[in-house]
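K.L.:
Chains as they are written, first to last, in the working numbering: chain E, 3 to 350; chain U, 409 to 486.
The hints are simulated quantities; they were obtained by calculation from the structure and are not laboratory data. Possibly wrong hints are sitting among the right ones.
One side only, chain U facing chain E, incomplete, derived with CB under 7 Å [stated by the list, open to error]:
1) 410
2) 416
3) 417
4) 437
5) 463
6) 472
7) 474
8) 478
Below, simulated DMTMM-like cross-link-like pairs (lysine to aspartate or glutamate); rule was C-alpha separation at most 25 Å, straight line [to be verified]:
9) E:224 with U:465
10) E:227 with U:465
11) E:224 with U:451
12) E:338 with U:480
13) E:224 with U:480
14) E:338 with U:468
15) E:227 with U:455
16) E:227 with U:479
17) E:308 with U:468
Built from N, CA and C at the ideal position, the CB exists for glycine as well.
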Amino acid sequence: MTRRVVCYINQFFAGMGGEEQAHVPPSARPEAVGPAMQIQSLLGEEAVVVGTVICGDSYYGEHLEEARAECVRLIGEFKPDLLVAGPAFNAGRYGVACGDICSAVTGTLRIPSITGMYKENPGVELYSPKTFIVKTSDSARGMKDALGAISALAVKILKGTPLGAAEDEGYFPRGIRKNFFHETNGAKRAVDMLLRKLAGEPFSTEYEMPVFRRIPPAEPVKDLKNATIALVSSGGIVPRGNPDHIRVSSAESYGVYDISRLDDLTPENFESIHGGYDRVWANEDPDRVLPLDIMREMEREGVFGKLYDHVFTTTGTGTAVAHAERFGQEIGERLKKDGVDAVILTST
Amino acid sequence: MAREIENTAGIPVVQIATIVPIMLTVGANRIVPGVAIPHPVGDPSRDAEGDRAVRRELLERALRAIQTPVEEQTIFTS
Chain E
3 MTRRVVCYIN QFFAGMGGEE QAHVPPSARP EAVGPAMQIQ SLLGEEAVVV
53 GTVICGDSYY GEHLEEARAE CVRLIGEFKP DLLVAGPAFN AGRYGVACGD
103 ICSAVTGTLR IPSITGMYKE NPGVELYSPK TFIVKTSDSA RGMKDALGAI
153 SALAVKILKG TPLGAAEDEG YFPRGIRKNF FHETNGAKRA VDMLLRKLAG
203 EPFSTEYEMP VFRRIPPAEP VKDLKNATIA LVSSGGIVPR GNPDHIRVSS
253 AESYGVYDIS RLDDLTPENF ESIHGGYDRV WANEDPDRVL PLDIMREMER
303 EGVFGKLYDH VFTTTGTGTA VAHAERFGQE IGERLKKDGV DAVILTST
Chain U
409 MAREIENTAG IPVVQIATIV PIMLTVGANR IVPGVAIPHP VGDPSRDAEG
459 DRAVRRELLE RALRAIQTPV EEQTIFTS
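Produce the complete structure using the sequences and hints provided.
P.N.:
This is the structure:
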């Protein structure tokens with residue numbers, strides 16, 4: 003069965019014009035246009051390019067919601083099995099448009115999508131987890147290689163051929179890990195990697211560590227006597243029975259608990275559900291992890307103004323960085339709205 | 409989590425935990441080293457009063473940390 007492919011390109015590659023035509027809204031043509039013609043010839047018998055959707059780069063960037071909706075509609079009308087966008091090389095607006103339409107089409111029409119970009123295109127970081135972005139050179143001088151790589155990947159995907167690692171297939175990693183049996187065991191591979199490192203030879207890790215951001219420190223609290231302070235913890239201290247079913251490890255949620263009527267955490271009212279440390283001491287007295295008792299004491303003494311009336315807790319063990327960052331952003335929004343002045347965050 | 413709360417709310421966050429290198433890695437700006445992993449703000453080897461005294465000292469240090477101007481990640485050891 004011949005599979006149906008739709009291509010997405012910008013006004014420039016459609017031959018409509020350069021910057022002066024970048025404002026054109028989405029349109030569709032029932033044929034292969036521009037680079038799509040070359041894709042058609044590379045796909046050969048495997049698939050037919052049934053249409054090309056075109057949109058000006060500025061239009062897409064400035065009318066993101068409308069452009070996305072209209073392009074998804076136009077693409078959907080061709081009833082495609084696959085979308086190919088670009089390639090965008092190092093063109094920023096075009097890269098974002100290609101990445102955005104690919105992730106939208108894959109998300110809504112449930113078909114695979116492929117685009118191509120240079121590694122520094124901002125679209126790579128934004129969209130590489132959501133679509134296949136083939137690595138290309140930084141300009142259209144690399145068009146031939148880019149289209150060859152995109153078409154080869156397209157054929158594999160359309161045929162349902164199992165894909166190898168992103169590195170081998172030539173696209174940017176999507177953050178997906180697949181389990182498989184390696185011919186040599188982990189100990190040998192680790193030692194081999196170490197020897198290559200010591201010899202100054204290239205090696206690649208099997209487990210990329212996340213890169214953490216840094217932020218400039220916030221201004222200090224000026225007037226502690228009138229400051230509201232919130233308690234936050236990743237130490238897994240929750241009301242007895244864990245009412246929100248926060249996971250004991252690899253948490254994907256956090257709890258928000260009213261402590262306005264509590265002066266002390268005790269084994270009767272709170273417990274630790276953290277799966278990453280011995281909970282004996284925390285369960286004897288949860289204040290050893292989430293120090294409500296002393297915070298109340300200092301609040302009564304007037305050391306600081308007020309303890310915020312809720313605590314935020316989760317379990318910080320095996321927790322994905324993306325989840326932890328989201329918890330922080332959501333908690334931060336709430337504390338900002340409620341005029342909290344500072345946070346004491348305890349971790350185990 | 410510490411970093412994103414600070415970044416989003418624009419208020420100082422002091423993190424109390426035991427493994428200082430992890431706090432440095434994840435980007436906490438104000439750091440107070442805790443007692444031990446399973447009880448960062450308490451010391452069960454001491455009597456109830458001593459346990460509370462340790463907690464009080466660490467929290468007072470945390471309050472000093474949020475009142476202290478810092479230019480970079482700073483560990484408050486006393």
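K.L.:
Would you list, in rising numerical order, the hints stated earlier that this structure does not obey?
P.N.:
Numbers 6, 11 and 15 - these are the hints that the structure violates, sorted from lowest upward.
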